[in-house]
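Colleague: Using the sequences and the accompanying hints, generate a full structural model.
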Amino acid sequence: MEKELFTFIAGGTAGAGIRKAGAVSGYIFTRMGRRVFEMEDYQSLIKGGHNFAVVSSATYPIKSHYMRADLVVATDKRSYDIHKEHLNDGGIMVYNADAMKDEAVPNGVGLPFTTISRKYTNSELRLGVGAIAVLAVAIGMSKEELAEVIRSQYRDAENNINFAMEIYDAAAPQLLGKFTLKKTNEKPLPMISGNEAISLGAVAGGLDFFCAYPMTPASSILHFLAAHAKDFHIGVMHPESELAAINMALGAASMGLKTMVASSGGGMALMEEAFSLSGMAEVPVLAVLGSRPGPSTGVPTYTEQGDLRFALNQGHGEFPRVVASPSTMEEAFYLAAEMLALVQEFQTVGILLTEKHLEESRMTVDIDPAKAPWGEPIMYQGGDEKYLRYKITEDGISPLLFPPSDQVIKFTSYEHDEYGIATEDPNMIAKMHEKRARKQETLVKKLMQMHTVNVFGHGEPVIFTYGSTTMSVLEALHHVNMEAAVVQPIYLEPFPTWEFEKFKNVEPIVIEQSVMGAFETLIREKTGIRAKASIRKYDGRPFDPEELAKQIKEAL
Amino acid sequence: MPDDLTTYAENTWCPGCGNFGIFNAFKNAVKRLEQEDGINRNNILITAGIGCHAKIFDYLDLSGFYSLHGREIATAQGMKLANPSVTVVAFAGDGDAFGEGIEHLIFAAKRNADITVIIHDNGVYGLTTGQFTPTSPEGFRGPSTPFGSPEEPLNPIKLMLSIGATFVARGFSGKLKELTDVFYQAMKHKGFSFVDVLQPCVSFNDTYKLYNSKVEVLPQPANTVEEAMKLAEQTEKLPIGVFYQTQAPTYHEKLLGDLNLATQRASREQRWESIKALLQQNV
Chain A
88 MEKELFTFIA
98 GGTAGAGIRK
108 AGAVSGYIFT
118 RMGRRVFEME
128 DYQSLIKGGH
138 NFAVVSSATY
148 PIKSHYMRAD
158 LVVATDKRSY
168 DIHKEHLNDG
178 GIMVYNADAM
188 KDEAVPNGVG
198 LPFTTISRKY
208 TNSELRLGVG
218 AIAVLAVAIG
228 MSKEELAEVI
238 RSQYRDAENN
248 INFAMEIYDA
258 AAPQLLGKFT
268 LKKTNEKPLP
278 MISGNEAISL
288 GAVAGGLDFF
298 CAYPMTPASS
308 ILHFLAAHAK
318 DFHIGVMHPE
328 SELAAINMAL
338 GAASMGLKTM
348 VASSGGGMAL
358 MEEAFSLSGM
368 AEVPVLAVLG
378 SRPGPSTGVP
388 TYTEQGDLRF
398 ALNQGHGEFP
408 RVVASPSTME
418 EAFYLAAEML
428 ALVQEFQTVG
438 ILLTEKHLEE
448 SRMTVDIDPA
458 KAPWGEPIMY
468 QGGDEKYLRY
478 KITEDGISPL
488 LFPPSDQVIK
498 FTSYEHDEYG
508 IATEDPNMIA
518 KMHEKRARKQ
528 ETLVKKLMQM
538 HTVNVFGHGE
548 PVIFTYGSTT
558 MSVLEALHHV
568 NMEAAVVQPI
578 YLEPFPTWEF
588 EKFKNVEPIV
598 IEQSVMGAFE
608 TLIREKTGIR
618 AKASIRKYDG
628 RPFDPEELAK
638 QIKEAL
Chain B
261 MPDDLTTYAE
271 NTWCPGCGNF
281 GIFNAFKNAV
291 KRLEQEDGIN
301 RNNILITAGI
311 GCHAKIFDYL
321 DLSGFYSLHG
331 REIATAQGMK
341 LANPSVTVVA
351 FAGDGDAFGE
361 GIEHLIFAAK
371 RNADITVIIH
381 DNGVYGLTTG
391 QFTPTSPEGF
401 RGPSTPFGSP
411 EEPLNPIKLM
421 LSIGATFVAR
431 GFSGKLKELT
441 DVFYQAMKHK
451 GFSFVDVLQP
461 CVSFNDTYKL
471 YNSKVEVLPQ
481 PANTVEEAMK
491 LAEQTEKLPI
501 GVFYQTQAPT
511 YHEKLLGDLN
521 LATQRASREQ
531 RWESIKALLQ
541 QNV
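These protein sequence lines are chains A and B, in that order.
The first sequence begins at 88 in the numbering used here and counts up by one.
The second sequence begins at 261 in the numbering used here and counts up by one.
There may be inaccurate statements among the hints.
What the hints assert, rightly or not - In silico PhoX-like links for lysine-lysine, alpha-carbon gap of 20 angstroms or less:
| hint | chain 1 | residue 1 | chain 2 | residue 2 |
| --- | --- | --- | --- | --- |
| 1 | B | K437 | B | K490 |
| 2 | A | K458 | B | K536 |
| 3 | B | K536 | A | K317 |
| 4 | A | K164 | A | K188 |
| 5 | A | K317 | B | K514 |
| 6 | A | K533 | A | K522 |
| 7 | A | K591 | A | K619 |
| 8 | A | K274 | B | K474 |
| 9 | B | K450 | B | K490 |
| 10 | B | K490 | B | K418 |
Derived from the structure by calculation, the hints contain no laboratory data.
Modeller: Printed below as a string of structure tokens:
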């Protein structure tokens with residue numbers, strides 16, 4: 088029978104090429120016209136430990152990996168021990184026989200990965216190639232097809248191909264063509280991570296300058312944009328700290344550049360003083376907050392939604408700011424562009440709140456860069472005797488002008504008069520507060536005209552969720568073919584209360600990755616809607632759609 | 261005296277404050293750049309930290325960014341990277357640059373960021389009423405160290421020389437002509453320039469007599485860093501002027517080449533094409 092849904096797990100130590108194997112398997116599935124979702128589980132270490140990639144592919148737009156696999160390739164003993172629990176009915180475990188010598192292995196196919204790999208240099212690094220060879224055998228690829236994949240995806244192709252052929256021959260007697268995967272006629276789609284989607288979306292939206300200090304899980308935005316800075320004609324800088332990153336970004340923004348920064352909770356905490364500066368000086372900046380389990384250093388390479396309140400309350404003092412959270416890689420692409428445009432128009436800070444699960448998972452996407460929003464700030468058109476940076480206007484937006492100019496342009500962190508000189512005058516303090524408060528009202532009016540909440544499906548039950556958890560929920564419902572209305576606010580500040588009017592009498596199930604239910608309490612506070620049931624996960628791992636479907640059924 | 265480089269803001273520095281010397285010398289240096297080098301004041305941008313020194317931002321009628329305490333050097337570097345055609349000057353207090361934000365000072369010098377940093381070094385936090393700073397002498401009594409500071413002061417000139425700053429100078433707010441000249445040279449210098457200005461605080465740390473008796477004009481810069489270090493170690497006499505100057509490629513040139521991010525941005529369509537090409541590589 089041709090399989091619609093197929094899940095492949097490759098496991099091994101860090102440094103065994105497991106993450107690469109995950110990416111390459113995705114490449115194989117996309118070329119069959121299948122949609123792919125890949126989740127990488129890795130630890131905060133360089134060598135050793137346990138890494139695995141779960142790659143689920145399907146003939147429909149799949150939105151999550153599944154933890155129960157059809158094929159597991161365990162290149163070390165620890166992978167075998169962990170993933171033997173992760174087999175589907177009819178699933179096959181392929182283990183490294185060299186690593187299991189003294190173990191009784193009740194089920195599975197043992198292959199001498201280590202013995203074969205030792206014939207080659209950098210033997211350990213090749214184990215991931217071995218996992219790809221096993222996958223190729225199991226889904227009935229020919230040797231020629233496998234060689235072509237390796238040639239296009241790996242360096243040192245010749246040795247890797249020779250090694251893969253040896254694994255192929257060893258695996259073929261027991262595994263050849265065990266699975267037949269359904270192909271589609273759809274054109275192969277690119278597979279990108281959430282961080283790549285955010286980066287590309289920002290570039291499409293006009294990003295000029297990105298400045299960041301490394302912190303997992305946001306670092307790959309820095310890596311990706313640094314690698315492609317020349318392609319995009321943008322500036323990318325890795326300075327001495329997050330404090331430097333955000334203050335340099337604001338300096339650059341005061342010269343008219345569209346700027347972005349990115350970090351995780353700890354780095355955002357360091358940047359917080361400057362978010363307030365963005366609010367006062369009215370200098371736009373977009374900040375990506377990539378959540379991992381907190382508090383404090385927490386669990387760096389895993390996922391959580393524990394930073395919701397932190398994101399909403401960034402910056403001391405009262406000022407307008409925008410917070411939004413994308414549900415998928417595609418939405419992340421367009422949202423990054425849209426938020427970059429919004430912060431230009433409203434001259435303030437925007438926080439794109441997301442999680443490790445979206446940032447570092449990879450997914451097939453259908454993106455049209457020409458559909459990305461593009462926003463320019465409202466610029467000064469002349470007419471005043473002197474340019475007034477903080478001109479008091481009806482909508483609270485003071486037109487911008489950037490140095491160098493024949494006008495004097497004064498950005499400032501102090502409360503100020505219209506020209507930008509510090510003030511302690513009670514009348515002026517109140518007027519400037521009111522100007523920024525009117526800007527908040529203008530921002531709300533703008534959001535009321537925009538698409539701020541996704542509603543998927545219809546009927547009962549009603550499920551409220553947000554961020555990357557939305558993908559888990561949608562996949563869970565698809566898996567058990569359950570009807571439900573899934574409500575996902577994209578924008579969280581200003582909160583789109585007007586979109587929740589129609590739900591005021593429902594009792595939703597609220598699903599989030601938080602122990603204290605930050606999202607559920609936010610919903611109650613903003614809309615008065617009380618949850619009938621809560622499903623919360625806070626062990627650092629994303630939801631598994633099968634498990635989640637069970638939990639949803641139990642909650643009914 | 262109001263002039264065309266001075267705003268309408270009421271000046272609230274204490275009478276006799278060393279900041280007046282810095283203010284006047286800086287305005288003179290700007291005028292000299294305009295007259296002798298054809299640099300328009302519209303292309304001279306300023307940033308400031310927070311403290312008495314920073315009020316200079318409101319008093320100077322120049323464009324720029326009144327930043328946060330300790331962050332003025334980061335802000336200035338962002339401005340310069342955005343558009344390298346401008347001259348950027350960061351005014352900082354000794355608390356800003358040597359305390360709260362010392363990382364930015366060190367890294368700006370390390371990477372040869374093409375900005376000028378002017379330290380209003382009065383050895384005291386004036387605006388917060390007289391606490392010791394990183395350059396206050398050991399034993400300095402202030403509200404946070406009522407029995408005297410237990411810390412040795414740091415030596416800003418030695419710090420900058422050891423990191424490889426390409427222009428290191430000291431000025432004295434009481435010597436207007438010499439200070440003007442140092443500011444002028446610092447702003448003309450291509451690369452990172454650092455000027456530590458000895459500045460009395462008449463309210464909390466009045467060093468006029470001390471500096472007047474010790475300050476001595478350097479006839480010319482030292483030829484080597486080692487020589488400059490020796491000059492910086494002198495305590496009997498306090499040399500003012502340029503200690504050391506050298507030429508090196510600047511940070512923005514090394515990071516961006518000739519690219520001016522503010523004036524040479526890629527069009528929307530160019531961006532779409534590069535993104536499509538990149539996505540296609542993934543298939």
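Colleague: If you test the structure against every hint from before, which numbers come out violated?
Modeller: Going through the list in order, the structure violates hints 1, 8, 9 and respects the others.
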